[in-house]
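Asker: Given chain A, put chain B in place with the hints provided.
Number of protein chains: 2
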Amino acid sequence: MSPIPVSQQMAIGIDIGGTNTVFGLVDHRGEIHYRGAISTKKHRDVKLFIEELYEAIKPAIDEVGGNDFIRGIGIGAPNGNYYNGSIEYAPNLPWDGFIPLAEMIKERFGLLSALTNDANAAAVGEMMYGAAKGMKDFIMITLGTGVGSGIVVNGQVVYGHDGFAGELGHTIIIPGGRRHWSTGAEGSLETYASATGVRLTALELLEKNPGTDSLLRNHIPEDIDSRLVYDCAIEGDAICNEVYRYTGEVLGKALANFVMFSSPEAIILFGGLCKAGDLLFDPVQKHMEANLLPIFQNKVKLFMSELKESDAAILGASALVWELRED
Amino acid sequence: MSPIPVSQQMAIGIDIGGTNTVFGLVDHRGEIHYRGAISTKKHRDVKLFIEELYEAIKPAIDEVGGNDFIRGIGIGAPNGNYYNGSIEYAPNLPWDGFIPLAEMIKERFGLLSALTNDANAAAVGEMMYGAAKGMKDFIMITLGTGVGSGIVVNGQVVYGHDGFAGELGHTIIIPGGRRHWSTGAEGSLETYASATGVRLTALELLEKNPGTDSLLRNHIPEDIDSRLVYDCAIEGDAICNEVYRYTGEVLGKALANFVMFSSPEAIILFGGLCKAGDLLFDPVQKHMEANLLPIFQNKVKLFMSELKESDAAILGASALVWELRED
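Chain order of the listed sequences is A and B.
Residues in the first sequence are numbered consecutively from 1353, following our numbering.
Residues in the second sequence are numbered consecutively from 1353, following our numbering.
No lab work stands behind these hints: they were computed from the structure.
Incorrect hints may have been included.
Since copy identity is lost for identical chains, a pair holds within one copy or between any two.
Said to hold, decoys possible - Taking lysine-lysine pairs in the DSS-like style, the calculated list, with each CA pair at most 30 Å apart, reads:
1. Lys1488 <-> Lys1651
2. Lys1399 <-> Lys1458
3. Lys1638 <-> Lys1605
4. Lys1627 <-> Lys1638
5. Lys1653 <-> Lys1605
6. Lys1488 <-> Lys1653
7. Lys1627 <-> Lys1651
8. Lys1488 <-> Lys1393
9. Lys1605 <-> Lys1393
Isolated chain A, as found in the complex (with noise of 0.2 Å):
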């Protein structure tokens, strides 16, 4: 056992995103005292991506006193398992099957280590350090390239029976709508409330109205991104409006049944698409209102993320390892 306080310890928060992977030494209070980066996809063996992240986190482990001054390694990542510390059959990840990430940090760096699903890890930030402070009940929705989410009942982290609980981007909202580019299912949520399904939504009704002008016909299909529909609906484009209001709508019904299973005091949109703000969060807030029971409406607050969305997770990562016991 480290002779040092653990009131004077940091945890580590890493998050490991598709692309990026994301780390910070956080101190009890949750503030970030060093943050830092590496690729997630460069190696194809998941040792080497361990060392690469070795020694990025190493000089800032030595600044702040070495191992003793660090309570444990937490991490975020896609398919992550809490129960079992691994990653499993992650589609977005370069390594395959299943990987024991908890394991194998834990024996690199000499640190406890615990693991958990990136949106997890990001409801748990939320709850800790963010908007969701004393609430025991909320669902945390992340928006990004996919629809991932974090739920909370009875001030707990739902795991379910096998560690894979929360995958919400995959329930159904339009059966026989459109298919999903990986799991092959048709009209999940992640078809429609993801960057992707933003892209998918806009090229659909660009072929649809091909009468309607819009500033997007000025780009190839290819560079026709979340974001661009963004700028171009703010300058006024009729269509990129429809793309969000559309969206807005597919998620708001989504929510809808979410509530109906839960009934969370609080829903907390996270990630890129809430850069659209109330493009998207009108129509979201609007049809989940009209598709809830009487008994639950103008209960559930809806709102945006206040933290960073890369802080949400590291933060959330970090708070997994003050629960951590040496065994």
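Answerer: Then chain B, alone, in the frame of chain A:
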């Protein structure tokens, strides 16, 4: 405080249904010693209902030795709110508005009391005395006149921030689908996977297939209900078999969405519609599995409850009592 040790006390479990209210005295091991029932519909004044209930239960209390031998009263009721002990705006009960039932029962009987939603009570019964014993994550779906649900996560019933969680019957499964007779929502699970839904599906199929023979055509539409459809189905009637197959398909798809929310170890089906057995079970299982992400496939135990229908709710309601404290 009663001078009698808790282990020698009994708990009263009451299940208030739309038609009948059943009750029983339950010991610590989950044995039901006395059973009785009164009509729920007889009195529009809830005080008169409570009075009749008191007269019906009092002889059983006297027989075990009086109030000292009773730990308290647990009640399951539609729209029952665990947090405040009230029934709030239950459309299927004869009493309007906000009914502080637990408090009223406590006053009349002179006993501690607690109240919850009827479907939650059944889930608690299943967890303490039925097939879900030892499970920490499961979902119970009651398929009766309507569709109710009780959700257990981390060993606790999910009540949500306001006590109303678990209204899975009202989640939208087929957007723009069948209109709900009471809520007005289009395509909610309850409009398909309930006894009422089975009847409506039968009527629709008869109308859409005027050239197809069916035993149902020997009956006037008013007489067609889920039991008749079942009776005709086991005699080989094609339309009736299709009714249950379709009902199972809709329910199976809904269950897949629920699994991706809380990743339960089991889903337990319960209630009158379960009498259809494999006619319903097989398509439910098939379509649930077909709509799950691979990481969830072939993991969820799907089965029908083995508890007698009225017993599960009595047991679950009574189980609330053991957690009550005098204050």
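Asker: All hints are to be evaluated individually against the structure, with a verdict given for each.
Answerer: Against the structure, the hints:
Taking identical chains as interchangeable, the C-alpha atoms of Lys1488 and Lys1651 lie at most 30 Å apart whether they share a chain (15 Å) or sit on different chains (28 Å). For the identical chains of this complex, Lys1399 and Lys1458 are intra-copy neighbours only, at 13 Å inside a copy versus 64 Å across copies, given an alpha-carbon limit of 30 Å. Taking identical chains as interchangeable, the C-alpha atoms of Lys1638 and Lys1605 lie at most 30 Å apart whether they share a chain (9 Å) or sit on different chains (26 Å). In this assembly of identical chains, Lys1627 and Lys1638 lie within 30 Å of each other by CA distance solely inside one copy; the values are 19 Å within and 40 Å between copies.
Taking CA atoms no more than 30 Å apart as the test, Lys1653 paired with Lys1605 passes in both settings, with 15 Å inside one copy and 29 Å between copies. When the C-alpha separation of Lys1488 and Lys1653 is checked against a cutoff of 30 Å, the pair qualifies both within a copy, at 13 Å, and between copies, at 28 Å. Taking the shortest Cα distances, Lys1627 and Lys1651 sit within 30 Å of each other inside one copy (25 Å), while across copies they are farther apart (38 Å). When the C-alpha separation of Lys1488 and Lys1393 is checked against a cutoff of 30 Å, the pair qualifies neither within a copy, at 36 Å, nor between copies, at 38 Å.
Neither within a single protomer nor between protomers do Lys1605 and Lys1393 lie at most 30 Å apart by alpha-carbon distance, with minima of 35 Å and 36 Å respectively.
Hint compliance for this structure: hints 8, 9 are not met, and every other hint is.
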